[in-house]
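Just need the whole structure built from these sequences, with the hints factored in.
One letter stands for each residue in the lines below.
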Amino acid sequence: MSSAPPPPKDTFTVLFDGRPIEVPKGLNLIQAAERAGIEIPHFCYHPSLSVVGQCRMCLVEIEGIPKIQAACTVPLKDGLAVKTTTEKVRQSRAATMEFLLINHPLDCPICDQAGECKLQDNSFGYGDQHSEYDERKRQYPGFDRTEIGPHVIADMTRCIQCTRCIRFCEEIAETGELTFLDRSGRTLVWTHDGKPLANDWSACAADVCPVGALTVKEFRFRKRVWYLDKTRSVCPGCNIGCNISIESKDFTVYRFLPRLNPDINDYWLCDYGRFLSEGLNLHEVEKAATKEDGKVASPIVPLAIQRLAAEIKKTIAGVGPKGLFFLGSATLTNEENFLLRKLADHLGCPNRDVVVDKSRVRRMKSKKGWVEGDHAAANYRGARDMGLSPGAGGFGLSDVLSGAAKPEVIVVADGAFSAAADDAEKVAILRRARVLAVASRTANALTRAADVLLPAASLAEKDGTFTNVQGRVQAFWRAFLPRPPIRPHFELLLLLACELGLGERVWTPEDVRGLIRAEVPSWASVTEESLRGGPLLKKGDFLLRDA
Amino acid sequence: MEPVLTARVGKRDSRSIETYLADGGYAALRKAVTTMTPEQVTEEVKKSGLRGRGGAGFPCGMKWGYIPKDTGGKPIYLLCNADESEPGTFKDRLLMEEDPHQVIEGVAVSAYAIKCQLAYIYIRGEFWDGARILDAAIAEAKAKGFLGKNVMGSGREIEIVVHRGAGAYICGEETGLIESLEGKRGQPRIKPPFPAVYGVFGCPTIVNNVETLACVVHIVNRGAEWFSKIGRNEKNTGPKLYCLSGHVNRPGVYEAPMGLPLKELIFGDAYGQGMKGGKKVKAVIPGGASAAMLTAADIEDCPLDFDGVAAKGSMLGSAAIVVMNEDTDIVDAATNLAKFFAHESCGQCTPCREGVPWLYKVLLRINAGEGREEDIDLLLRISNQMANGMTICVFADAAIAPVLSSIGKFRDEFVARVRAGRAPAAAGVSA
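In order, the protein sequence lines correspond to chains A and B.
Residue 41 in my numbering sits at position 41 of the first sequence, and the numbers go up by one each step.
Basically my numbering = 1-based index in the second sequence + 1000.
The hints are simulated quantities; they were obtained by calculation from the structure and are not laboratory data.
Treat the hints with caution; some may be incorrect.
[To be verified] Straight-line alpha carbon distances no greater than 27 Å define the calculated BS3-like cross-link-like pairs of lysine-lysine that follow: (1) 77/A <-> 1069/B; (2) 137/A <-> 1339/B; (3) 1184/B <-> 195/A; (4) 1280/B <-> 1312/B; (5) 88/A <-> 1191/B; (6) 25/A <-> 1191/B.
[Stated by the list, open to error] Residues from chain B that keep clear of chain A, each with C-beta distances beyond 12 Å, as calculated: (7) 1010; (8) 1034; (9) 1035; (10) 1067; (11) 1071; (12) 1093; (13) 1097; (14) 1143; (15) 1229; (16) 1232; (17) 1261; (18) 1408.
Quantities reported herein were computed from a predicted structural model and do not represent experimental measurements.
Cβ coordinates follow ideal geometry from the N, Cα and C atoms, glycine included.
This is how it looks when you write it as structure tokens:
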């Protein structure tokens, strides 16, 4: 009590197989080992779920403790000496693997988890190919290949009783649908009283499953996972902006998986956002179309854009730039919305706007608590940051729809900007313009009414950034090229801008981000590194493979 | 020895508070709350050398001492472990059903010693009568002012609640019991933290066996010195209840000083009165299903106390002595024990959940005459890879004890069964 205590160290020195490693406080031993480049195999441990220490795979020796220990349950402290390579450790892990596999059906050839299965990985790494099990394997009649909720199919014959799914429902979703039933070798995971596993994040229960016991119905049997390419992306579902990876092959999106971001979605993804993946494969506007004097033509995209540019010039020459109206979109990227706003500025037109539909409140559990979003599109905040609100003396969408403003040319940057695009009355008002130009991927009343219709790419087919409800700017990358003549909105807008004397054809979204940084104060701290977001994950895994 | 714990067993109206009071009942509680501090009671229990009667034999006073001095405002709980689920054990049932007030007084005195205001008696689900009897006895004690807000006018509050389990062996394990009491699935917890620091409802908790708590009454009444003089040596003190069952003439619960020779328990006139039909002893399980078997040679010089049985490579456990005669089919007995454990594993840890049923399946096959000689070594291998830290609790270690000991001591019988290729006519009880 005499002198002041030394300043607290925020790391521990842990000896891994004799090698001292500084690890930050608050880590689990399994995570700490990973920092040291040592893999401690495990099944039940998950960094965002409580520690139960029951799979008995992460066994290590700790100096000073005679019995072998489950690494996930060992509290970190200074001088902790962990042995991960001793014969005892090797034998213990092999024993656990043998126990796990004696009743496992080994049906990898027909199991969706194959290729991203921890049982496969750990068996390969730490198991013994030989087994003396000569008894009948356990069966779970009535508990195999059964839908336990709208999105999850359970097969208890494959379950290793790690309880990650139970803990997910209990601790993250806070709905507690799943539980252990029975005991001993008959233990199984099922829903309470047969009620469905139907929370807003139910497919995450399958995500955390390290084996093929819980699989996602929508993805089952669609693609072997090792064929899938993973691309960093951001969920387009709402303004929470969950980090995802788009898993695709051959111009087709097969699924979304969450990507770790502790500040937003941690390891999770809501069912609504997850199952938007299928919609990305939809291309209802496959080529450019123009209408002139009642005649419909489908020119190549550059010609259609030239036609639009000519109409814009004609209007400027006639009533001036005030006869134009540019409508951005909360579905589009910051770069696209910025380009649109720059174009309006370039032409001297203050008439621009962006709107967003409200959705029901969506919630996502970040590491720090719930994040809420209630926009039906991802990037309203970003679009506003880009300056897409009526300039001085200009008008917005409500003025157009009320009839207060009557622009000659309306440029709608994305045909799916709002439910209003499929509202016949509102579309009829927009249709009063001499030229209605729309870029879109999906068809609706607005695209059918358009004079100039441009085929636009999906989220999976372009690069860009969204700004989420917390103001975080997050980038996503192209998973694959759009099929010609479909082009990203960015390219369509850039072509139009170039026709009108703004910008250069070689600009990329990254180039435009440079311009945004120079103009938008809130972007001062946004770097290309900060845009990357979280690392990619495998289903059932959490290791920071590419962090 | 004059009976201490079983003094009223068999008496008329042994359950009523009047009988208990006539015998000087509740004097220990009065003495404790009016003349002693909690620390003095704990000190007395420490000095008595009382070791836990539930199976592990952990010194009771030392356990109480693990409660943190400053609990940060959290209440302290005392849980009386009346789950009595170890096969072969039926002593706590006798205490609760025949002399409930002794148990209640023991709980109350111990609760006072650890500064607990709310104690639970966790009684196994099948003990309908015991729960009903205890509830009635608690009501009697409350009516007399022995329990409640103001115990015997001392200003101390002690309440006792009887909680019935739902019938799982593992809920006799102290952290499994705690989980179950909290309304959760009965699964042992990872230790540390130990219950004395983080127990039921996250509060400091002491879990003691029924017989242990009953002993506390007499320690307070007659002093640690008197208690510690009973028994074989200073590490094994006090009176002990032995549950004798199997092929003996007179099975039952017997009270004797700790360290009673096993041979005397089986053959003594005051106890088992020898083997039924004058048969020879083949094997003895000295401490319930999870204790390793002893052979006839072992019983010649085996004092029934914690260290005496441990010296023979087994354990006193809950002092459930199961005697098997020369006609016993050891393979069948081992299969029967394995069946119990295969049914009762809680299912959370992989080695136990998968390994114990595996042992049973192999034993079942051997017992039916369909085994191979290498299966015997397989049983040993499976057993050895489940033990010593492979699981959260010691269930797996308990489950393998009968397998390892029966093979270790009676391997010939396993080999003979395998070679015969068929089950003898008398076997198949466990199949």
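Against the structure, the hints:
Distance restraint check for residue 77/A and residue 1069/B: the Cα-Cα separation of roughly 24 Å lies within the 27 Å cut-off, and the hinted pair is therefore satisfied. Taking the CA atoms of residue 137/A and residue 1339/B, the gap is near 17 Å; set against the 27 Å cutoff, the hint holds. Simply put, residue 1184/B and residue 195/A have alpha-carbon atoms about 19 Å apart, close enough for the 27 Å limit, and the pair holds. Using a Cα cut-off of 27 Å, the hinted pair residue 1280/B and residue 1312/B holds, with the two alpha carbons roughly 20 Å apart.
At most 27 Å may separate the alpha-carbon atoms for a hinted pair to count; residue 88/A and residue 1191/B meet this at roughly 22 Å. The straight-line distance between the Cα atoms of residue 25/A and residue 1191/B is roughly 21 Å, inside the 27 Å bound, and the hint therefore holds. The Cβ of residue 1010/B sits about 38 Å from the closest Cβ of chain A, beyond the 12 Å cut-off, so the non-interface label holds. The beta carbon of residue 1034/B is kept farther than 12 Å from every beta carbon of chain A, the shortest such distance being approximately 39 Å.
The claim that residue 1035/B is not at the interface with chain A holds, since no C-beta of that chain comes within 12 Å of its own (minimum 38 Å). Distance check on residue 1067/B: its Cβ is at least 21 Å (rounded) from any Cβ of chain A, clearing the 12 Å threshold; non-interface status holds. The beta carbon of residue 1071/B is kept farther than 12 Å from every beta carbon of chain A, the shortest such distance being approximately 21 Å. Non-interface status of residue 1093/B relative to chain A is upheld: no Cβ of that chain comes within 12 Å, the nearest being about 23 Å off.
Listed as outside the interface, residue 1097/B is consistent with that label: its C-beta sits roughly 28 Å from the nearest C-beta of chain A, beyond the 12 Å cut-off. The claim that residue 1143/B lies off the interface holds: its Cβ sits roughly 41 Å from the closest Cβ of chain A, which is beyond the 12 Å cut-off. Once the 12 Å rule is applied to beta carbons, residue 1229/B is consistent with being away from chain A; the minimum gap is 35 Å. Residue-level check passed: residue 1232/B sits 29 Å from the nearest beta carbon of chain A, beyond 12 Å.
At roughly 33 Å from the closest C-beta of chain A, the C-beta of residue 1261/B stays outside 12 Å, upholding its exclusion from the interface. At roughly 20 Å from the closest C-beta of chain A, the C-beta of residue 1408/B stays outside 12 Å, upholding its exclusion from the interface.
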